[in-house]
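Novice: Got two chains here, separate frames each, mind docking them using the hints?
Residue numbers (numbering that gives the first Met the number 0), protein chains in the order written: chain X, 0 to 383; chain U, 0 to 400.
What the hints contain is simulated information worked out from the structure, not anything from laboratory work.
Since the structure is predicted, the reported quantities are computational estimates derived from the model, not experimental observations.
The C-beta atom is built at its ideal place from N, Cα and C for all residues, glycine as well.
Among these hints, one or two may not hold up.
Between beta-carbon pairs, the in silico distance windows are [said to hold, decoys possible]:
#1 X:T372 <-> U:V240: 25 to 33 Å
#2 U:T244 <-> X:K262: 29 to 37 Å
#3 U:G148 <-> X:G358: 52 to 60 Å
#4 U:I343 <-> X:T196: 18 to 26 Å
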Amino acid sequence: MSRSRLSFITLMVLALVVTACGDTAPSPGASQPAVSQPDVDPTESVGGAPSTAPSESQAGEPAPSAGRLAQVQDRGQLICGVNGSLPGFSFLDEDGQNTGFDADFCRALAAAVLGDPEAVEFRAINADQRGPALQTGDIDVLIRNTTWTVSRDTAWGLFAPTTFYDGQAIMVNSTLVDATTIDELEGAAICVQSGTTTELNLADRFAALDYQPIVFPEIDPTYAAYEDGRCDAVTSDRSQLVARRTAFANPDEHVILEEVMSKEPLGPVAPLGDDEWFNVVKWVVYATIEAEEQGIDSTNVADMVETSENPVVQRLLGVTPEGTDPFESGLGLEPDWVVTMIGAVGNYAEIYDRNLGPGTPFDLERGLNSLWTDDGLLYAPPYR
Amino acid sequence: MSGQGMGETLPPPRDVIGPAAWLRENLFSGWVNSVVTLLTGAAIIWLIVTIGAWAVSEARWTVVTNNLRLFLIGQYPADQAWRILLNLGLISVLAGLSAGAWGGATRAMAVTLSALQLMLAALVVASPLGIIPAGVLVLNAALVWVAFGFGLRGWIPRRPLLIAWVLSLPVSFLLISGVAGTPFPSVSSNVWGGLLLTVLLATVGILLSFPFGVLLALGRRSQLPVVSIMSTGYIEIIRGVPLVTILFMADIILPLFLPGEWRLDRVARAMGGITLFSAAYVAENVRGGLQAIPSGQIEASQALGLSGAQTNIHIVLPQALRAVIPANVGLFISLLKDTTLVTIIGLLELLGISRAILAQPDSFGAQMEVYVFIAAVFFILCYAMSQASYRLERALGVGTR
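Bound conformation, chain U alone (with noise of 0.2 Å):
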């Protein structure tokens, strides 16, 4: 450039920006370069063409339509499954009045929680349990925006929506379980199965381990040797057990141990399995949050005057906690995954209702359908928990503080 005299006119440099230009500098800047895109570019094709051909033109997907009650709430009765849908209504209407009150990463939560029930609407659809069902969860996915326009005009205090939020596990539970001789007649947790059996295990395990791996961490780093050598050992053993020889345990040589009379749920029992698994592994995560905090802060919080509880409490949980998110949150997405496993103690959640349908002589060879429509349902999930954690990550400001 340098070399060039004044004055004179360069013309103007050609094909440096615009598609051409992206093309060659990135994808045939050399012949080994374009032989190379050639060679992939192909391959990608050649995939996305034998894969979408047998899609569209081969795969027999009536299996999944014809069985989607059982892939969505196992043998639920189906004249009570409205209460699944209820259930669905009342967290939509909690998540969209949140939305408005809170803000941030509540938001992109209702946000998943519409767009995950308009996905499963289109689904519905296209089943032969007709149009009354999709037409409830769209009613549902748009009951989270009238709630959202509430919960911003400022009407609902904080308070009573995060009371409401507690309570939603147990009154959860009771709809779903019911009680016998009221208009919500008891429905044994034999029964359940599917997606709702998955959702319910991951999100129970979710939330109870959550607490009492926090507890676990706590007791850990404890001066009184009885709470820190118990911890510590609870976290050792369970996080040396594969979790599916707790869920033996849980379903095998629990019961040897109760009087004969005794039966504990099994639904109950891998509830609990999972819980107390997913906790040592809680604990682990969130005791390196709790490292990560300077001791001066420690040391001037003590200095005044606050007791070891209040310092924990509001000094380094909350900053403990915030630094772990991204942590924990995989290991919840690993839990959600590894709810499969309860297939082995014979419960039918979503792996296990598949192969349930898979003997059905009208889906026998077909179970590519199955298994293909089964890791969608887990990628959506696994996708809106890791996108619901990064806003959370954001509206708390993990990174940038």
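Isolated chain X, as found in the complex (with noise of 0.2 Å):
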């Protein structure tokens, strides 16, 4: 009897202490959000307020207000929502690093903002979390395969440049139909995500055509029951086609089709009502687009610095010629961010070859990707 009766006082004790503590939650990261508040410990700020920017960081007051610049940099830390099991995006490589084309992006902007690649907190966000994340703050940026639309652009945040120009496509299993337009796909069966875009665009495509929609809720599914045969075509975004295709017996006898029947710009989002924020997010993207378009990329970018006369190099480089005043972008980064940013992740052409291009399962063609110099639609305005 006094052993349950011991365990029963220790029971009661363990329950007033949680009854105590009930709102604080039983957290270890109860002891976290210390982290927010700045200036606690001085070698927080990675990379060291620049100049340049915000007086917050040196004022040592942290006005609630604080532009997210300066809260990153306080923080030291970029939280970056991403897609998380998206191949060739995001995704978690066998060492557990968050690794793809978007991951990058992540980590371009860290090395800009805080001087190191590494310096990111991702988030694995869900396609429902995605709004309510950026209007909470709760992440600084959005990088996740998210189309730019006017909805979206109005009620979520805002959209950065395009990184990525996808489009939605169908796939035709070959041994099944004999086909190379949509139109030729009158009467077959099409396998396709519910709930998604893809499937409504599917609609507006065959509003006047015949056809069978099979219905998966999960994509996994959807492309298993294509692959089986269960389907004449499978729709989604030429990107997943692709990389999907990669995985399948026999790659040979599946089909792309040219025809676009959706424009998808992805791109990264930044929370709404942050001007300075949302131009040193856009400008991440120009830079890597303008650092390829002038032949920079990580290999080179130590000797550019040293090297070139080029005067549209050397601004975006940080380069002050002799007898010249700096140039100013306004950023509030640092003069040298573009040498920092592009010697740590490289430009727009080494994120793509590196996680999408020749080499990786994938093997895309740059497409809509290239420079508008190649016919592609990367434009960045000068950086001047």
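Specialist: Okay, structure coming up:
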């Protein structure tokens, strides 16, 4: 009897402890919000507060409305919302590193703002969480294959320049149907994931055609059913079709039709109402594009700083030739932020090739994602 | 039988015992039964052969072994993973000592803990993680029995052991989350994942919701209208809402009410949500137990001059809680499985991390392997929990008194 008595006294004590700290929650993190109080630890702000940064970081008075740029620099870490399970764009590799095209743009932003490409806290964000996560300011930036639409632009956040121009396409099983255009798919069974814009676009495109949609709630069963031959065709974003085709047993039997059924511009999104931060996100994307255009990459950026005589390159890299005034971008970043960023993650072409280009299982052609000089859509405004 | 004459020797009955007789009696007692037996037998053999052939020859188990570290601890830094092994070691010692000191149900727990670690070690050996972590796990499993030997001799008094158990949860947390500037550098909960996160969410949910639930159950039966109405209101509101909703609220709505600079840890939010949710169900289970106690006992204790609190602590609760062990264990098993719901708020517990792994180019089309592996892990955990609870029931004599 005394044994159970003892254990019950312990239990009640535990219960009291729990209720006593009921509203602070059983959290290891209860001690962590202290980090959000700036200037507790001067080493916290990696890369040092740049001289051009807003004065909050020196003033030591963290006004609640301090700009996000200052917040990120005080925190010493960028909180980047990613998909987390999209092949080629963001996923965990076998070492647990977030890898992919979107993840690399998070690193580029961290390198530009904090000087350290690894100072990123990746947050896996669900499709439904995207809007709220931006609206509550829980994340600093959303880089999660999000299509730029007018309603999202007005409600969710500010869309930075598109990093990846995607488009919906159709993949056809050539052993079942012989079609080279969508109009030849009359009467075909088409696999599609439900609840996506993909499904709606399919209905739009096939409004005048007879077809049989076979709908799946999840992405893996969609492709499994298609590969088993239950559908004649499957539709999704082109990048996804290409990625999935590489995993098929007989990739050669599957043909992706040329026709683009919808526009899917995917890019970073910054929270509404902070123009300074939005400018930083915007120009990080532009700088990767501009660097490619100027032939600056991670291997030659250090040499370019030393040797380049081109004033465009010098401005971009923050080099001040003798006898001239230093160029002020007004972004609130270190003058050589582009050097740090390109040295860490490379220019647009390097990011693309590393994650989606030849040598990866996807081997996606640049297509629309080429520089404007190569008939693509990538066009960075002048950096001056 | 009665028709036989006396003195006549009957031949021994044929085939009433033995395997052949059993078969005829149970499986082939008529032609209908024989057909059914043959058909189901063929179906079962076909299933086993198909699944076995898939598991042995077709399945690409390298997806599991190559990503084993992710499955087990998520993105927790590899060079800090020893802290989790150390933590397991501490718990092993504690469990072993308790098993020696108390016996009974604690012994079942020690057996389970060492068996689970041995299984884990076998998995780790098959993966590129190498022999060292596997060796530590085997060592941990052995530590349970070394500590058991110490505990048996009665060298360890029970009271410090109890205190150690109460402290083990905060200590584990400190070990895993770490403190900056110590040999245990701080590891953000953002990178906790896999089995580690699943077990942490479930453990915290179970350990914290239990006392909270008991208080709510007592509150609901309280004579004080404020306490009783508030408890009832809490229980009914929480029970009327799906767990997914509560998790979404904790993840999305809560930050809207907090001042802009405030960031509540996401794992803590999920733990809070799970605890609050499960407490309401524990409360109703416990209330069932409370109502099973005859009021005569309470009146008798009042007649003896015990106060209300004394009556509850010494008379009512010990019996009530013992009676609801099966119901509560069922609840806790489902809580363990419900932790997979945190995937939808972007936490990478066992299910969430497998989605991230399935997005690796090397893992395309390996969803069968990954989901079969996860199902096996969950089955082992749930089975271990239910076995431990049977032992606990037996030790406390539930249903035999």
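Novice: Run the structure past the numbered hints and jot down the numbers of the failing ones, going up.
Specialist: 1
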